[in-house]
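Okay, here's what each chain looks like letter by letter:
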Amino acid sequence: MEIDVERLRKIVGKEDIRDHIADLYVYGSDSSVHEANPSVVVRPETVEEVQEIVRYANRALIPVTARGAGSGTSGHAVPIDGGIVMDMRRMNHIIGIKPRDILCKVESGVACDDLNKALQPYGLWFPSAPESGRISTIGGTIANNGSGVRAIKYGTMRDYILGMKVVLANGDLVTLGADTRAQASGYQLDRLMVGSEGTLGIIVEATLLLRHLPRFRAMGIAKFNKLEDAGETISDIVASEVVPSLLELVDDVAITALNKTLNMNLPQVEAIVLYECDGLLKQAVDHEMEVTKKICEKNNAFGIEMSSDAKEMERIYSGRKKLFAALSRYREGLVCTSLADDMAVPSSKIAECARKIHEVGERNHVVMTAYGHCGEGVLHTKILMDATSREQWEDARRAVEEVYDYVRSVGGTTSGEHGIAISKASSWKKEKADSLKMMKAIKLALDPNNILNPHKLMDAPDDWVTATRLRYPVEL
Amino acid sequence: MEFNRLRKWGNELDICIRCGYCYEHCPLYKLSNWEIDTPKGKLLLAYGLLTGEVEPSPYVAEKFFQCFYCKNCSKSCSAKVSPTDIFADARADLMESGFETQGTTVRNDEKLCMACGRCVSGCKSEALSMDMERMRVSVSRVKCKGCGVCVAGCPVGAMSQKEGFGVSKKELSAKLENSLRSMNGKPKVVVFCCDWSICPGLRLSRMELAGAENASGIIVTVCAGRIDPGLILDTFYQGAWGVMIACCPLEECGHNGNYRAQERCASVGKLLDVLGVESNRLRLEHFATGEDEKLRKAVGNFVKHIASLGPI
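As given, the protein sequences belong to chains C and W, one line each in that order. Counting in the working numbering, the first sequence runs from 19 upward without gaps. Counting in the working numbering, the second sequence runs from -9 upward without gaps.
Heads up, a few of these hints could be off.
Here's a subset of chain W near chain C, in silico, CB distances under 10 angstroms, partners left out [unchecked claim]:
id, residue
1, Leu40
2, Ser68
3, Asp185
Everything labelled a hint here was simulated from the structure, so no lab data went into it. Virtual Cβ for every residue (Gly too), placed ideally from N, Cα, C.
Taking the hints into account, I'd like the entire structure generated from these sequences.
The following block contains the structure:
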C-alpha cells in the first residue's frame, strides 16, 4: 500500500499530518487489548478536507479509520490494515444551539461533556453522554450507539439523532434526517449510521435532540449481603411504575477494587445498588425514591442512604465513576482487560447473569466482576488476569465464549453500550447470524472498495486473540 | 538499549487501562491536540521503548522532556498510575543513551549568567545547582519541571524556555497584546490564571466562552511563579486597567510559584504606589483545583472594582 503523504499534507496542511513511527504507534491503540499502527494520521478541519481525503483513499484503495477520542474498548479505532487514521477532533465546533427547537448542531469531534457544558446556560441537556464523555466525541458515540448511565430513563444515542451529515466512501456528502422530531417513512439512513462503527461513512456533523435539565434529583445507595437480592431488586425496580434515571449494580469484586485503589471504605458486601430519580416536581421525585427504597427493603437491603444534596450525591457516585480503572489494582499480578465488557440481558436475568459471570471466571482461572447500568440490562464484566501469561489468554478466550453463550441463551446481546469492533465480533456474529448477509450487502453497496474501517463488525477476524498485536507483553 | 529505570515500571504500564481520561487535564495536549503529547501517549511511548516497537530518537526523547509536572494526570488517574514519575525515569534512561533534548525544561545562557545563585535557592525541584569550579548554574533535565520560576526571577534574563509551549517571554507578550486588543470597549482587566491547576478544565471543543472568561479577557497562562514583575508592569504599560494573578493556595503549588508571585505582587504594588497608580489595581487570589465558580465570582468582582476606577 503506497500512500501519497505529500498529497494528504496538501489537503490538511503540514501541521495536521503525522507519519513519525512514534505518532503512528500512539494512534495504533485505544482502550482495548488491540494494537495496529496506521501508516499516517491526519486531522481534517473541514468537511471538504474529509471529502478530499476519502476520495483519494477510495481511488488508491487505502483504508480510512475515523477516530474520536480513541476511548473504545473493543478496537474500534485500531486500524487492522494500517492506512489513514483520521483524527476528527479538529472538527469540534458547536455549530448552533436552538433552545426553541430543543436541538443543537455540532461537528462530530465535539466532546460530549463540552456540549453539556455549553447547554447548561440554556437549561438544556444531552443525556446520552457516556461516562467517558469528558473526552469521547459525539461522532464516536454515534458510531458506537453509546449511551450514558441514564439510558434506563433517557435512552441511548440513537434516541437523540435527528439528522447528520456523512461523507460516504466515494467522498460524497449526504445530509440524512431533518430538524424535526417526527420523520415518517423512507429508509432511516441516519439510523443506519448509528452503531455502524465507521464502516459505512464518516460522520462530520450531527443534529441532536435535547432535553430540559431535570429540576430535582435524588440518589440512593443500598447494600446487600446476597448478590441475588441485589439482582432481584433491580428486576423489581425495572418492572415497577418507577422509572429511575440511574440504576447501577456494583459487585464484591468491584467493591474490593474500589476500597483497595481509592480507599473508598465501602462495606465488603456481596453487592451495592445505586439508584437515582429525577424530575420536574420534588414530590414526584420523593415518591419515586420512596417506592424504590421500599423495593430495596423488600429484598433485604440494609444501610440505605438517600440524598438530594449535590455534593453528597457526588460522593455516593464517585466510586462508581472511577471503577473501570480502579479494577486494575484488584490484586497484585492481575490487570484489568476490556474483555467481555458490556453485554446486556433482559432485566429479569440480571442476578442470574451476574452469578454466571462469577462462575465462568472461577472455572477459567480469571477474575470477572459484574457491575454496570443494570437498569437497562447492561453488565460490565472485564477480565482481571495475568496478561503476560500465554495460558491466561487461553483462559480468557474460553471465559469470553462461555459468558457470551450464556448471554445469547437468555435473549441478551453481545454489547449493550461499548460496541463490537474486533474483540466482541465472534460472539456477535453468532448472535446476528441470519442478518450478517444483509449487513455485508449494505457494506458492499456503500463502500464497495472496503476502505472504511475494514475488518470490523461482521468482517472482523473470528479469533480476536490473534486478530492484532496485543497491548500486553505476551508471546502467544 | 537497557532502559533499566523504565523497565521497573513495566507492570504499571500494563495497569494503565488507556482510557485517556488524562487528556482533559493535560496542558500540553491543550496546546497541540496530538495524542502523543498526552500522558497516555507518553506512557504508550514508554511501553514501545521497552518492547522495541518504538526506537529511541530525538523526537521521542523530546516528548518525555516536555511536561510541566502539574501532575493533574497522576491526581486524576483512577488506576493510580503516576505518569510523571515514569517520565522522569524515561528522561534519565534516554539521557544515558545520549538522547537529551530541552523540551519544556529551562536553559541557562552561560554568557549572561552572573552566577548569583538566586535561581538555585528558589528551585523547589532541586534541578539547579551551582558549579563552583566554573561558577555557572547547571540544569538537571531529569529534575527540571519547567515551572519557569527561575526564568521569571533571573535578574539578567539568562534563564529561558523554548517557544512552542506558551511560556516564553515572546509568547507571553504576544498573548498579552492579543488579549488587550480583544478588550476594546470593555474594562481592560487581564487575569493571569494558572493553566496547570485551577483554570477550569480543558475544553476539547470550540464554543463561545461563557461568564468571567468572556467578560475579562482571561489569559490562560502558566504557573503564577512564571509571571515576572516586568510582565506585570508591561501589562499596565500596554493599557490594562487592572491585573489579577490567580494562583493555587499557598501549600498546593508544586513549584512554590505562588509564594514567588506573592512576593512579586507586593514589590510591584509598592512600585505602583510610587508611580501614583492605585496599588489595588493589582490583585492576587488563591484558588484550589476545581474552584471554577469561586474563580468566576472573584474575576467578576475584580472587573466591577476596576470598572469603577476606570483607566489609568
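Now for the hints, and whether the structure bears them out:
1. Leu40: Since the shortest Cβ distance to chain C is 8 angstroms, the answer is holds.
2. Ser68: 3 angstroms, holds
3. Asp185: Where the cut-off is 10 angstroms and the nearest Cβ of chain C is about 17 angstroms from aspartate 185 (chain W), the hint is violated.
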